[in-house]
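Enquirer: This is what each chain is made of:
2 protein chains.
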Amino acid sequence: MKLNGLPKLLRVARGDEPAELVLTGGRVANVYTGEWQKTDVAICDGVIVGLGDYAGPRLSVADRYLLPGFIDGHLHLESSMLTPRELSRALLPLGTTTVVADPHEIANVWGTRGLDYLLAGSEGLPVDFFFMLPPCVPATLLETSGANLEADDLMAYLHHSRVLGLAEVMNFPGVVAGDPGLLTKLALFPQGPLDGHAPLLSGKALNAYRLAGIGSDHECTVLAEAQEKLRKGFYVMLREGSLAKNLADLLPAVTPASLRRTMLVTDDSHPEDLLLTGHLNHLLKKAVAWGLDPLAATTMVTLNPAEYFHLNDRGAVAPGLVADLVVVEELKEFRVDKVLKNGNLVVDQGKLTAWRETAPKSVPISSINVRELVLEAFSPPATGSTAKVIGLIPDQLLTEKRLLPAPIREGRLAADPSRDILKLAVVERHHGTGNLGLGLVQGFGLRRGALAASVAHDSHNIVVVGASEADMLQAVLHLVKLGGGMAVVADGQVIADLALPIAGLMSLLPLEQVATAYGALQEAYRALEGKLPDPFMALSFLALPVIPSLKLTDLGLVDVDRFQIVQLFGPD
Amino acid sequence: MKLNGLPKLLRVARGDEPAELVLTGGRVANVYTGEWQKTDVAICDGVIVGLGDYAGPRLSVADRYLLPGFIDGHLHLESSMLTPRELSRALLPLGTTTVVADPHEIANVWGTRGLDYLLAGSEGLPVDFFFMLPPCVPATLLETSGANLEADDLMAYLHHSRVLGLAEVMNFPGVVAGDPGLLTKLALFPQGPLDGHAPLLSGKALNAYRLAGIGSDHECTVLAEAQEKLRKGFYVMLREGSLAKNLADLLPAVTPASLRRTMLVTDDSHPEDLLLTGHLNHLLKKAVAWGLDPLAATTMVTLNPAEYFHLNDRGAVAPGLVADLVVVEELKEFRVDKVLKNGNLVVDQGKLTAWRETAPKSVPISSINVRELVLEAFSPPATGSTAKVIGLIPDQLLTEKRLLPAPIREGRLAADPSRDILKLAVVERHHGTGNLGLGLVQGFGLRRGALAASVAHDSHNIVVVGASEADMLQAVLHLVKLGGGMAVVADGQVIADLALPIAGLMSLLPLEQVATAYGALQEAYRALEGKLPDPFMALSFLALPVIPSLKLTDLGLVDVDRFQIVQLFGPD
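Listed in order, the protein sequences are those of chains V and U.
With the working numbering, the residue at position 484 of the first sequence is 484, and numbering never jumps.
With the working numbering, the residue at position 43 of the second sequence is 43, and numbering never jumps.
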């Protein structure tokens, strides 16, 4: 509470002066006591001054439910492909008023320049964006990232008012092993919070990870895993996003006793989901449909993240907290009627009311730095009769390693659409090294053409898949021209594209146009007889060498189980 | 977690090196999930490194219950009349390993010198003493305290590693009214915690108090009061000490949802209670006897205060937390079998094992500064025929204002033991001002003699009650000679005394001797036909002008309901 405004707020709280706004007749979620309270709520200067009978201009929320503004405790805003400003325009009508973002993606491309951009670009928006500092840039040494963040680089951000702690410490083997560089980064925030990321870690290794100070985990996929992590002192973030959907499996871990240590988070929210499905309001709906008490679910997106992230000024409807409030008509759909941010009515009847169309802030634009490419690079000479093929598994990020007869034409590696074996390449795009990793993938179903994207976790080089080498080359060159993005090319024509000029990850366009363009990309893929529901999502994870079993980076084919680069041809 | 010791701890956590100690076979309280876990607990370098199967020297706690060390979130250590070292010797066998102390009493006598003494005197003890800075010294302007603490004085302690926040903000009307000096003190800890003290405050005034940032309250006496405070975002400390006993009334406020915002605290623990009854272990016993789940009760003295006070290194049995552990045989009596502090077995079979009898640290000694007193001062000329008499109410700090025929002898105010009307005086003892407040009190039942004490809330002047002016004078002079303390005098003889040379509040003696001496004082009082169960406790609150209705300070008789000094003789 700032000292200079306090005397006035106290006068209003005491009832000596009228409030600026009084929300009347609502049923107020009390996340402290688990009760619905019939009470009015008085607001002044963006702050909740009191519960009870107050004088002042009235806004009836009679018989509606009044909830604290929702807090997403773990979100990669790059996944929305939107600027922070556009993302906030998308989130507000869904009731999300605070986001704790992990800028891991943009940091892998731009390093501190990426952090600077997101901090500046999220300043003064009607959604509050807080940030965690990414400790694992680059994610591995088996790929070429755009940047490298050391503890010294992160140190410069320690005292930024919107930097809260350390983002997901993905290199959990490094923490468990006591990697000195990592421990130095953990020590930057002696009081935490240090977010974890440790899929399936358990037993003694999990003890070590917690001992090092890691305080949360959002990677649980199995109930017993979530329960063990809770017992050992982790806050467990139950994740349900566009990508990974773990809520149904994990919900039984939420008990009256453990509730306080749990949250609902999205991790990744794609633009079409934000437009059509929702955000945390959708997670509340799901949690309640699957049996959780509505007020308990609400606590998981309000008080619990506020406590974990030390955001003491929010997370409940109580005197002295910021007036971030969500009004819903019922507790089943959680369809948002009104949203107040800092006491201002910014959403009414589910629509933004007070959006100011200001000129966008200056946005740094990418230059994609790719060394001159030649067509032959996509068709190297065959050096064996069998090849390791990446096998997609439907709806999973895991892939299979398949040893198949190699498709060869005129002594060179070819694609073979008849067996659904396509070519896959990862082209280094940060430093112009000319690195090009080449592989084969089964499961995209393309009969012709190519798909390329500069969104390719975690280093975000250009990844391209295709039945035609010429179309693959053209797709890559088109992305270079766009300054990053996504494209579908067939028979020498660009059929669909989406420019992502902000680090090759994010668009300058509004949500609706991004969603439309993304839909058009998927349509174009289907016109090429592709069958995957979201081919660009599948593509973006083929370059991530931390998820088993076979992946491809700009340095070559990675056998993730052995964590090393392997030859394309032949068994090992 | 300190960086330099971490690599070794990680090796032990991983199981690569044996632990220093493994507690085997216990049922471990999991305050995160509300479960009893059958698991071993491994310890190294004072830290819990892991739960599970570990190699290392074993200590069986088979079939016993293993709890986190208890944390008392609100304790005036001066009430024990013990040095911090002696107090820690008393607390450890009761399972209390951490105390958050409010040094309000010593600060009223010695100001920053008192804070310095307690901080230094509690350094390196086997109980961890943390401190809150007292914001209301002096408590009122209707008395003369030994010191005055302004925001600037407190500022010097902000960054002390064992200073956590602001102690009970007793001047709640000042906070509600927006008193600038008080608000400046609140602003010293923008992230809190700011402890509250607001008996029966409710409605809009309570909203204002919370709005100002006050985060807790330990003064609830009525269930509805506790419930309102919880709903408005206060942590409610359910108090059950030697003095005030509110647990039974407030316990229904603790629900599965509100549990996280509640604690059990003692506020004041007198030496005989520490010796005979217990401390937080006794509160656990009571809470469970009155229906609370044992693990929920445990959470109120472990995880909850740890969270409220941001003591992130303790409050549960989990990897990375300090190895403060309590072993009990059953969950009804909570009789303590073993205690580990920082991984060392300091209590076994309920007895201290590892107490090192070191030379006590240097302790500053009081000089009681009283101007020369004359006997006539206790017998002023009568100026009316009726007098306002302080009427004791059994078992309460509240007093009644009784207008009675004044006892007069030879034109001067007298005592009248036949009507149980005794003389009461408060003698200023800090600055040698010569201030002497004189009044009458009904309820002590003395037939002769006098009782005096330098423990007299909150300014701790010398308070003396008696049937004989000469004995009153002698009792005061004896306290001056002792450098502060308590005494019973009759017929010119000192019958019993207890020296409290540390600020007139605390003894240099061990617990057992203090308790014995205190018992002897009570015996001596009873020999004078007194009937009160604890006359010195009753006496010590007669000078506290914030509790209704009629009190006495060195400045005179205080009508607390009107908050002003009034004449002894006649109606108003």
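Please keep in mind that the hints were generated in silico from the structure rather than gathered at the bench.
One or more of the hints may lead you astray.
One copy or two, it doesn't matter: identical chains are merged, so the pair holds either way.
[Stated by the list, open to error] Here are the computed lysine to aspartate or glutamate pairs in the EDC-like style, where the Cα-Cα straight-line distance is at most 20 Å:
1) K8 - D45
2) K245 - E376
3) K401 - E35
4) K286 - E150
5) K285 - E272
6) K481 - D268
7) K8 - D572
8) K286 - D491
9) K351 - D534
10) K351 - E272
Remember, it's a predicted structure, so these values are computed and weren't measured experimentally.
Enquirer: Could you work out which of the previously given hints the structure breaks and list their numbers from low to high?
Expert: 2, 3, 4, 6, 7, 8 and 9
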